[in-house]
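Trainee: Here the protein sequences come in this chain order: A and B. Mapping of the first sequence onto the working numbering: residues 1 to 508, in sequence order. Mapping of the second sequence onto the working numbering: residues 1 to 93, in sequence order.
Honestly, the hints are just simulated from the structure, not real lab data. Be aware that a few hints might be false.
Straight-line Cα separation of at most 25 Å, SDA-like style, residue types lysine to any residue; simulated pairs [what the hints assert, rightly or not]:
1) A:408 to A:381
2) A:165 to B:26
3) A:169 to B:71
4) A:377 to A:455
5) A:165 to B:6
6) B:9 to A:222
7) A:169 to B:49
8) A:199 to B:76
9) A:165 to B:49
10) A:169 to B:59
11) A:199 to B:71
12) B:9 to A:186
13) A:165 to B:64
14) A:165 to B:19
15) A:165 to B:67
16) A:169 to B:45
17) A:165 to B:25
18) A:165 to B:50
19) B:9 to A:377
20) A:165 to B:13
21) A:165 to B:32
22) A:169 to B:74
23) A:241 to A:306
24) A:199 to B:16
25) A:169 to B:14
26) B:9 to A:303
Remember, it's a predicted structure, so these values are computed and weren't measured experimentally.
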Amino acid sequence: TSSQPKKEFVNEEIEETFSKYDLPISFQEPVTQAMLKEILITDTDCVSLLDIPPNVVSVNSDGADIITERNKQYAEACGKRFKIDNYVDRAMQTLKRAAKNKCTQMDLMLKTDAGNMPLFHLSALREAFCFPQTFDMFVISSCSLKDVEAVGTSSNTKLDWELIKTSEKFHYLLVITERIILRSIFHCPLAAYRGLPVKPEEMDQSKRCTEISCSPALECLWVFSCELTRGRTVSCMAWDKNNPDLLAVGYSETDSMNEKPGLVCCWCIINPTWPERIIYCDGAITTLDFSANHPGRLAVGMSDGVIAIYNLQTADIKAPTFSKYVEETVGSFATCISHKDCLFLQDANIYLTCTWEGNIQKRSCSRSYDLLETYSKHSGPANCVTWCPFHPDVFLSCSSDSTIRLWKQDCKSPMLSFTSNHRAVHEVRWSPRQAAVFGAVNDSQLEIWDLNTNFLNPVIVQRAAPGLKMTSLLFASRSDCVMVGDSCGQVTVYKLQNIFTGESSQVK
Amino acid sequence: MDGVEETLKRIESNASVAGTIVLNSEGVPIRSSFDSGTSSRYGREVSEITALARSAVRDLDPQNDLQLLCIRFNKREIIIGSPYDSILNPCNY
Numbered sequence: 001t002s003s004q005p006k007k008e009f010v011n012e013e014i015e016e017t018f019s020k021y022d023l024p025i026s027f028q029e030p031v032t033q034a035m036l037k038e039i040l041i042t043d044t045d046c047v048s049l050l051d052i053p054p055n056v057v058s059v060n061s062d063g064a065d066i067i068t069e070r071n072k073q074y075a076e077a078c079g080k081r082f083k084i085d086n087y088v089d090r091a092m093q094t095l096k097r098a099a100k101n102k103c104t105q106m107d108l109m110l111k112t113d114a115g116n117m118p119l120f121h122l123s124a125l126r127e128a129f130c131f132p133q134t135f136d137m138f139v140i141s142s143c144s145l146k147d148v149e150a151v152g153t154s155s156n157t158k159l160d161w162e163l164i165k166t167s168e169k170f171h172y173l174l175v176i177t178e179r180i181i182l183r184s185i186f187h188c189p190l191a192a193y194r195g196l197p198v199k200p201e202e203m204d205q206s207k208r209c210t211e212i213s214c215s216p217a218l219e220c221l222w223v224f225s226c227e228l229t230r231g232r233t234v235s236c237m238a239w240d241k242n243n244p245d246l247l248a249v250g251y252s253e254t255d256s257m258n259e260k261p262g263l264v265c266c267w268c269i270i271n272p273t274w275p276e277r278i279i280y281c282d283g284a285i286t287t288l289d290f291s292a293n294h295p296g297r298l299a300v301g302m303s304d305g306v307i308a309i310y311n312l313q314t315a316d317i318k319a320p321t322f323s324k325y326v327e328e329t330v331g332s333f334a335t336c337i338s339h340k341d342c343l344f345l346q347d348a349n350i351y352l353t354c355t356w357e358g359n360i361q362k363r364s365c366s367r368s369y370d371l372l373e374t375y376s377k378h379s380g381p382a383n384c385v386t387w388c389p390f391h392p393d394v395f396l397s398c399s400s401d402s403t404i405r406l407w408k409q410d411c412k413s414p415m416l417s418f419t420s421n422h423r424a425v426h427e428v429r430w431s432p433r434q435a436a437v438f439g440a441v442n443d444s445q446l447e448i449w450d451l452n453t454n455f456l457n458p459v460i461v462q463r464a465a466p467g468l469k470m471t472s473l474l475f476a477s478r479s480d481c482v483m484v485g486d487s488c489g490q491v492t493v494y495k496l497q498n499i500f501t502g503e504s505s506q507v508k
Numbered sequence: 001m002d003g004v005e006e007t008l009k010r011i012e013s014n015a016s017v018a019g020t021i022v023l024n025s026e027g028v029p030i031r032s033s034f035d036s037g038t039s040s041r042y043g044r045e046v047s048e049i050t051a052l053a054r055s056a057v058r059d060l061d062p063q064n065d066l067q068l069l070c071i072r073f074n075k076r077e078i079i080i081g082s083p084y085d086s087i088l089n090p091c092n093y
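Work out the full structure, taking the sequences as your base and the hints as a guide.
Mentor: Structure below.
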């Protein structure tokens, strides 16, 4: 007759909660045969805090009308709750505090999922927290059942740790914590990379005292290196076009005796101590590049003629999503591939290849690799060719004859030629931010040339550490920095200082 | 990507990190690079302050929950990460 009984199933007991640090001794000693002579098992008293049993009244009794009237009023009040000012909606937080375990001896409860039905065995489970509503009780009891299974001694830690290790959330939290720690360590170099000012009190003691010079210089910011890359030679580097903080670095074997699988590491600027993605490949990596249209795809070219495309979005990369063996060069990702032939796209139609003999050939994509023009001046194999980002007809080439030559597309002989020391130049790159500035790397040093200032000598020369050979070079597009890879598997980030942007002055 | 153990080892091997402690929901250290005395001390204090911080966050926005808490002392910094059942606690100088 009455409305649904709100069975506040509060079967709470008050009991002493032992702090973990003073467990009674009896729990820790093993139970021997002698102790089992006389055991008295008792229950602590059960204290009921709140017990409101429903009052059931027959319809036919005298006071029934009053009661039905009251019930109706209550139902109306509940319905009008949202409109009357007497009642204000407030959110409550339900904190699931730590469950307190109580050891009991009993058979394991079999539990079945039965929706909102109250459990009938609850009186046997002695838990020291309160159950607000029936269905909540169900949820809480299921957790406590798991604890009961696991035997409530304090040395439960092994099991907990195994469980925690598999938790995704925990792993994510660890990654974040690692980044926070690294961020505070690399705070100054990272700020310098992004071109942000750093407050003097945040800098190291050593850096505060250096004088500021006005001549062009390189400041070493940090080094990408980890134990996986030690001993390998950096062969190529590429920025992710979609995420300018991601750098992919390809490593090849150092000497042919020690045949290690090729390695590609994707580094993020946030973490110079460990790469975000690690890919092992079968052959030595000669080149790689990111896709401009498909985020997260990296194309890798290897020395044995294989091109593989990897999807970087999954954390665990075992196999490429696409792999093809090519005999000749392909120009889809603007990468250069096997066997020392280099390939660089300017626009969709024209590209340049450089060859062993030292010639640079201009070909056209649309006319099936027809040879349009040959530029020959180098006396050694041409290693690298790069178009100028500011002037569409100008390109630079470098070669093992230790020269760098500046060409114009329609002219068969080079405009300018640069040498500084007699070493094979491995790579030359234009600066994406300053016209007339380019960098070149040979075995022993990194050179930054500024054509506005000086045609004959590089404005900055950074020598490699003894025993190291510099092998690869890349400018950062969003920052005045240059990345240099060397033969020990390190990629050093240098910041260019005091090189000023000038007008593009490629006239001769 | 490597697993939890490797990441934890990398964090611990960092020069500026003094150590890490993993606590369960009761504040008992499960895995720690400090000795048990220090770990249990940190565990007690950290679980109290995390509970306080979490209740503050949820009072302000019940849909939210506490994810990370960094406490910077004069000489140290404690980073407390708390998913729903465990607390990680690296202390660095």
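Trainee: If a hint holds in the structure, say so; if it doesn't, say that too.
Mentor: Right, here's what the structure says about each hint:
1. A:408 to A:381: holds (20 Å)
2. A:165 to B:26: holds (17 Å)
3. A:169 to B:71: holds (21 Å)
4. A:377 to A:455: This hinted pair holds, its Cα atoms lying about 19 Å apart.
5. A:165 to B:6: holds (11 Å)
6. B:9 to A:222: holds (22 Å)
7. A:169 to B:49: Given pair residue 169 of chain A, residue 49 of chain B holds - Cα atoms ~21 Å apart, limit 25 Å.
8. A:199 to B:76: holds (20 Å)
9. A:165 to B:49: holds (24 Å)
10. A:169 to B:59: holds (23 Å)
11. A:199 to B:71: Holds, at about 22 Å.
12. B:9 to A:186: With a Cα-Cα distance of about 19 Å, the restraint between residue 9 of chain B and residue 186 of chain A holds, given a limit of 25 Å.
13. A:165 to B:64: holds (24 Å)
14. A:165 to B:19: Roughly 18 Å separates the two Cα atoms, so the pair holds.
15. A:165 to B:67: Since the Cα atoms of residue 165 of chain A and residue 67 of chain B sit roughly 17 Å apart, the hinted pair holds (cutoff 25 Å).
16. A:169 to B:45: Within the cut-off at roughly 23 Å; holds.
17. A:165 to B:25: holds (14 Å)
18. A:165 to B:50: Holds, because 21 Å separates the two Cα atoms, which is no more than 25 Å.
19. B:9 to A:377: Measuring from Cα to Cα gives roughly 54 Å; hence the hint is violated.
20. A:165 to B:13: The hint holds at about 19 Å.
21. A:165 to B:32: holds (14 Å)
22. A:169 to B:74: violated (30 Å)
23. A:241 to A:306: holds (23 Å)
24. A:199 to B:16: Between residue 199 of chain A and residue 16 of chain B the Cα gap is close to 21 Å, so the pair holds against 25 Å.
25. A:169 to B:14: Between residue 169 of chain A and residue 14 of chain B the Cα gap is close to 22 Å, so the pair holds against 25 Å.
26. B:9 to A:303: violated (35 Å)
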